[in-house]
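Chemist: Here is how the chains run, residue by residue.
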Amino acid sequence: MPKYKLTVNKKKYEVEADADTPVLWVLRDHLDLVGTKYGCGVAQCGACTIHLDGKATRACVTTVAAVRNRSITTIEGLSEQGDHPLQQAWVAHDVPQCGYCQAGQIMNAAALLTANPKPTEAEIEAAMRGNICRCATYNRIKEAIQTAANQ
Amino acid sequence: MKTSYNRRSFFKVTALAGGGVLLGFNWLAAQSMGAPGSKARLGEMTALNGFIQIDVTGLVTIMSPNPEIGQNVKTSMPMIVAEELDVAWKNVVVKQAPLNTQVFTRQVAGGSQSLRQSWKTLRLAGATARQMLINAAAQKWQVAPAECTVSEGIIRNAKGQQMTYGEIVGDAAKLEVPKEVQLKAPKDFKIIGKDTKNVDTGDIVRGKPLYGIDVKKPGMLYAVVLRPPAFGLKLDTFDDTATRKVSGVRQTVRFGDKIAVLADTTWAAIKGQKALMAQWKEGTKPESTADHDAKMLAFLDTPAAQPKRSDGDVKTAFASADKIVEKTYEGPFLPHSCLEPMNYFAHVRADGAELIGSCQTPERARKLAADLLGMKENQISVEISRMGGGFGRRLMHDYVLEAVEVSKLSGKPIKLAFTREDEMTAGLYRPASKYKFRVAIKDKQVTAYHLTGTGANGQNFTRENTFPAGAIANYLVESHNLESNITTAPWRAPITNFLAFAEQAFLDEVAQELGTDPVKFRIDLFEKAKASGAKFEYEVDKSIGVIKLAAEKANWGSPKAGVYQGFSTYYSHNTYVAEVAEVVLVNNQPVVQKVICAIDCGIVVNPVSAINQSEGGVIDGVGHALFGDFSFEAGKPSANNFNGYRLIRMPEAPQVEIHFVPSLNDPTGLGEPTLPPVGAAVANAIFAATGKRLYKFPFVKEMAIQGATQ
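From first to last, the protein sequence lines stand for chains X and H.
The numbering of the first sequence is the numbering used here, which starts it at 1 and goes up by one.
The numbering of the second sequence is the numbering used here, which starts it at 1 and goes up by one.
In short, the hints are calculated from the structure, not lab data.
Bear in mind the structure is a predicted one, so any value in this text is a computation, not a measurement.
The beta carbon of each residue, even a glycine, is placed where N, CA and C say it ideally should be.
Any given hint might turn out to be false.
Simulated pairs of lysine to aspartate or glutamate, EDC-like, Cα-Cα distance not exceeding 16 Å [as the list claims (entries may be wrong)]:
1) H/K208 to X/E76
2) H/K217 to X/D32
3) H/K216 to X/D32
4) H/K208 to X/D83
5) H/K217 to H/D264
6) H/K208 to X/D32
Chain H regions said to be covered by chain X (calculated; three or more residues, Cβ under 8 Å) [claimed, not checked]:
7) 181-187
8) 297-307
9) 335-341
10) 573-583
11) 636-644
12) 650-657
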């Protein structure tokens with residue numbers, strides 16, 4: 001099996017994996033970073049959203065071979081102390097129900113706010129359309145993003 | 001309120017190394033003194049268990065016994081204990097209890113029953129511990145306990161002395177358990193009724209391992225299973241040559257009609273599953289949706305051998321009617337779509353087994369595992385993980401038993417995981433159902449009501465004793481079961497998740513026929529039920545209470561220009577709900593803009609999460625009514641992932657306004673009750689906007705709905 005050098009949350013790792021292995025499973029099974037969640041495997045639900053060079057990326061359809069020499073950020077590394085404005089806003093609005101999708105929602109929203117710090121409601125809805133919340137906490141997610149954007 | 005109980009069987013005190021005390025509660029004994037409320041729909045009226053642990057610094061640990069599926073019991077149940085114990089919530093640490101039937105009972109998440117069934121015992125637990133602490137302090141001060149007051153973990157006497165729980169807890173543990181304790185008056189509640197943050201949110205937003213899928217144990221292999229590609233098929237032969245060549249694959253295990261692939265990683269197991277070459281043969285006849293539809297429609301025209309309920313003389317009333325209104329409603333099979341697909345860890349050894357994972361009924365899972373393994377239940381340990389959604393799917397144990405069997409056959413600790421495709425194609429489904437409603441109208445009055453229901457794999461697809469039972473003198477309800485080889489399971493608000501739509505959409509049409517306002521029509525029916533003296537299983541005043549509150553808050557009958565309203569009300573899982581949906585037209589197509597929802601669930605324990613849960617139920621109900629499209633062709637499901645099966649997403653989610661009826665009654669649940677009525681509220685609003693009636697889920701197949709396309 002080939003070896004890959006990866007940078008995840010500013011730390012260097014070397015993993016042995018088939019070239020077609022999705023980053024999702026490398027993170028979860030090889031590196032024990034399980035905050036990134038599996039939901040569909042076909043980039044339809046957004047639970048596995050990570051940042052690849054700062055851009056929101058679905059880790060379930062991104063192969064390990066494609067991320068060499070690129071910087072990966074996961075929910076565990078979104079902020080040093082777990083206090084990114086979105087993480088704080090999620091707590092303030094008491095967003096989660098089951099909570100399973102929320103790491104992906106936050107990662108997607110974080111990339112949105114980096115690209116567009118003051119999104120309109122319609123821009124938030126368009127950007128978050130790819131992230132399913134089966135418990136339907138959508139309105140609180142939207143409010144939390146607006147709160148973080150206004151900080 | 002003073003409450004007494006059999007103290008010997010109720011209470012157990014254990015001193016802890018390090019000076020603290022562990023207060024164990026035998027909840028079964030407590031519950032037997034008289035449980036609140038009437039019989040439950042799901043499961044028996046048994047009880048819950050819990051622990052309180054107080055250390056010398058006054059830090060209070062409360063074990064949360066019930067599985068957490070997003071209904072937030074891990075916060076709200078300990079809140080109730082903390083309230084009666086009278087401690088500051090900031091000094092409380094909540095821990096998830098493992099399955100432990102020595103100490104706890106009814107460690108179940110289901111039927112919206114967690115709070116309702118445990119309310120009294122959770123309060124008693126806190127109050128008993130509080131009284132023991134007071135008694136110990138009083139003894140030390142040589143004063144009467146009645147002279148002492150307590151607030152937030154500090155006991156005070158009339159002389160101005162004070163003591164913390166942590167200081168006296170060691171002495172308290174040595175005292176006799178009081179025979180009688182005083183529960184707080186609801187007006188004195190300081191924690192119950194106040195917004196209290198979900199205790200797990202910090203871990204959730206930081207990506208900490210909380211869920212079954214996050215479990216990893218030394219030596220563990222990942223297992224992914226190939227199951228028959230269509231219902232009715234059985235495994236004939238298979239060739240795993242290609243699978244064994246996948247790097248990371250360790251072995252394959254055939255069990256029944258399934259083959260498990262065991263590997264070093266999930267991805268290797270998935271690749272191995274895809275590489276399996278299997279031949280299938282017919283076991284039972286594969287079924288198609290068209291077959292189901294034909295059979296169920298035939299049932300709707302067939303009298304049942306035994307009606308579920310028959311009042312008066314329906315036949316004569318229909319024969320003498322001025323007009324008969326008859327409509328049929330049809331709902332599909334639906335997958336549960338928990339965002340965390342089924343998974344479970346099992347390590348079966350010769351002398352016992354270790355089980356860990358997400359399961360709504362861990363006690364039942366252990367029993368079934370023990371039966372499968374030929375072991376005693378006390379040889380099997382069960383840890384309960386937070387669940388990435390339940391929705392009824394995790395009331396079933398197929399995935400637990402698969403994990404147990406694969407671990408046993410392989411001799412390895414394994415974590416068995418479903419892919420989304422496994423979940424959607426070889427899982428369990430909400431049963432498809434159909435309803436035919438008929439009413440007889442004479443002299444502008446409804447004189448008879450006849451409901452026939454049918455659905456897959458269920459003995460009763462109706463709720464014959466809830467509304468409008470009692471409201472109409474001639475009343476007949478019948479049900480037929482369609483035996484199907486499609487595996488089915490409870491799905492959030494079983495039966496009523498579609499029945500409520502059908503009933504409340506039909507009643508809207510009847511009101512229209514009578515030329516009566518739909519809200520007034522329903523209130524009149526409830527008043528008739530009250531006056532009838534008939535027996536039924538709902539309270540008229542609470543029903544009318546939520547109807548009036550929803551109508552008032554929505555400004556029913558006087559919507560803003562361009563807004564069209566639809567009304568619906570439904571009682572389920574002991575909770576009363578009424579909803580007004582508001583629809584606008586964009587490009588002449590309806591958009592669900594807002595739902596106003598009134599709820600009577602008794603005391604609202606934790607408003608911030610009660611609103612979240614209620615709002616989620618509404619949007620979930622809107623989503624499946626609009627988009628939930630699923631069918632079978634020769635036993636094969638029509639979709640295998642979210643690209644072929646549409647769930648509601650943020651742009652389509654309506655605003656939701658939640659209003660609770662102020663109440664001092666004991667709390668009832670909120671996991672399900674807001675979902676059933678919303679489909680009809682939306683359908684009735686769409687009718688108001690477009691003049692088109694909707695009779696089938698999903699609505700997008702019946703008409704163009706404005707909104708995001710995938």
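Chemist: Does each hint fit the structure? Answer for all of them.
Modeler: These are the hints, each one checked on the structure:
no., hint, result
1, H/K208 to X/E76, "holds, 8 Å"
2, H/K217 to X/D32, "holds, 11 Å"
3, H/K216 to X/D32, "holds, 8 Å"
4, H/K208 to X/D83, "holds, 14 Å"
5, H/K217 to H/D264, "holds, 12 Å"
6, H/K208 to X/D32, "holds, 10 Å"
7, 181-187, "violated (count 0)"
8, 297-307, "violated (count 0)"
9, 335-341, "holds (count 5)"
10, 573-583, "violated (count 0)"
11, 636-644, "holds (count 3)"
12, 650-657, "holds (count 5)"
In this structure, the hints that do not hold are numbers 7, 8, 10, in rising order.
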